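Asker: Protein chains in written order, with the UniProt record's numbering: chain B, 1 to 121; chain W, 1 to 121; chain G, 1 to 121; chain X, 1 to 121.
None of these hints come from the bench; they were simulated from the model.
Model, not experiment: these values are computed from the prediction.
By construction, the Cβ of each residue, glycine as well, lies at the ideal position given by its N, Cα and C atoms.
Heads up, a few of these hints could be off.
Going by beta-carbon spacing under 10 Å, a handful of chain X positions derived as facing chain W [said to hold, decoys possible]: (1) THR109; (2) LEU112; (3) THR115; (4) MET116.
A few chain X positions that, by computed beta-carbon distances, are all more than 10 Å from chain W [to be verified]: (5) PHE23; (6) ASN71; (7) VAL120.
Have a look at the derived ranges for each label pair, beta carbon to beta carbon [as the list claims (entries may be wrong)]: (8) W:LEU81 to G:ASP36: 48 to 54 Å; (9) B:PRO55 to G:ARG83: 36 to 42 Å; (10) W:ALA78 to B:ARG57: 31 to 37 Å.
4 protein chains.
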Amino acid sequence: MAQVWAVPGGHVPFGGTGGEPQFTSFDQLCVLNTTDSEAEVLLHFYYEDTEPVGPYRFAVGARRIRHVRVNDLIDPEAVRLDRPYGCVLSSPVPVVVQFLRQDTRLPGTVALTGTMAHPVG
Amino acid sequence: MAQVWAVPGGHVPFGGTGGEPQFTSFDQLCVLNTTDSEAEVLLHFYYEDTEPVGPYRFAVGARRIRHVRVNDLIDPEAVRLDRPYGCVLSSPVPVVVQFLRQDTRLPGTVALTGTMAHPVG
Amino acid sequence: MAQVWAVPGGHVPFGGTGGEPQFTSFDQLCVLNTTDSEAEVLLHFYYEDTEPVGPYRFAVGARRIRHVRVNDLIDPEAVRLDRPYGCVLSSPVPVVVQFLRQDTRLPGTVALTGTMAHPVG
Amino acid sequence: MAQVWAVPGGHVPFGGTGGEPQFTSFDQLCVLNTTDSEAEVLLHFYYEDTEPVGPYRFAVGARRIRHVRVNDLIDPEAVRLDRPYGCVLSSPVPVVVQFLRQDTRLPGTVALTGTMAHPVG
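Bound conformation, chain B alone (with noise of 0.2 Å):
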């Protein structure tokens, strides 16, 4: 477990073919939370051509997980479809995360990856 995660490789794909929510394109932090206090996690995102741009906040319970679409934080500000980022988060307590994105751009396909973020500390 760590308190601090990197994920370089963000990338929203740029349109979704399918009914949604299930299957639109998308980005996703999966954060799990098993210690006994609630964790308010906060994200920074990062820009080929711009300073970062944060802290976006959420919560995540006290034993509990929580999977965040990329594409649904909007404030400080929306992040751009089709746009590369990276991005670190930060939790008061010791969590885990992990990165997956799902692919529709082409119709009647789903392609997915994912990885465990990289714990920084």
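Start from chain B and add chains W, G and X according to the hints.
Answerer: Same frame as chain B, but now just chains W, G and X:
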């Protein structure tokens, strides 16, 4: 190797197409036990909106592997399809754990994704 | 880098479609040896229902990579298709190991999944 | 974070279908630099049958990411399609590196796979 492993991003796809069992949609936990002792492993599932459920139990023999489909876990309760979850696996001896998802929701297609689980301790 | 790496979730898909060898279904182990010594690596395969089989042997030259399809391993015995396995790779020098699966069981489709192997020691 | 990262399983798919650049087949290295110093990173490519080639160089600004397609690396020489490779990335400051492959060899399909690179030191 480690005795505790975590997977934050579980989600058994809802629905599958093609023949069973080879083309069913599933999430899978793959456990490798290279030790000379049988490992009775314990699984706890974490959810977004309720307390954790477990332990689920299964054995991995000495010098054996075991690939368990999450869909097949029914005791103490079935893991519902299309419900986000995370899980923690605990073993009395050091093991290695890998996570795999097969998604066949769309006719004539297979999507795969996976990652090594995160070693917690 | 490490001298021992583990992959718990092996399973060569049964059957493939499309031209060989580029569209065959396979599991693959990718080894990077950045040292100045040739690495004669040893592989042991673990199964659900029988004792481990090995060693399989192959060499990775100094400052070389080697991508080995599990389907191609035949000595001391062929690794059967559609049979769950795990494997442990041991090297006399530090290397890095990645696992990849290509699944072309369904006509006109390719599914890929992979992960870094787990460094054991 | 680490200053040296390794990817053993590189292989840019040969051929792609669909519009460029979004549906080209590619291997990609995604680098996140959260430090306050620009990172001039060095890449060395390892092959099955010849000495390593490099360094390739590119910069990742302070507090920036960079997603580089291996297909686009041409200096000191182009990385050939359909040729197995491994690579090692070295950075003067700590970074995080993720690997992604997109395979569109078959018409109307996208396959994705990826993993965090392995932190060497």
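Asker: Hints first: check each against the structure and report whether it holds.
Answerer: Hints versus structure:
1. THR109: Holds, because the Cβ-Cβ distance from X:THR109 to chain W comes to roughly 8 Å (cut-off 10 Å).
2. LEU112: holds, 8 Å
3. THR115: Since the shortest Cβ distance to chain W is 7 Å, the answer is holds.
4. MET116: Constraint on X:MET116 satisfied, holds at 8 Å.
5. PHE23: holds, 17 Å
6. ASN71: holds, 23 Å
7. VAL120: Non-interface label stands for X:VAL120: nearest chain W Cβ at 17 Å, farther than 10 Å.
8. W:LEU81 to G:ASP36: 48 to 54 Å: holds, 52 Å
9. B:PRO55 to G:ARG83: 36 to 42 Å: Roughly 48 Å apart at Cβ, these two residues miss the hinted range, so it is violated.
10. W:ALA78 to B:ARG57: 31 to 37 Å: This hint holds: roughly 34 Å between Cβ atoms.
Going through the hint list in order, the structure does not satisfy hint 9, though it satisfies all others.
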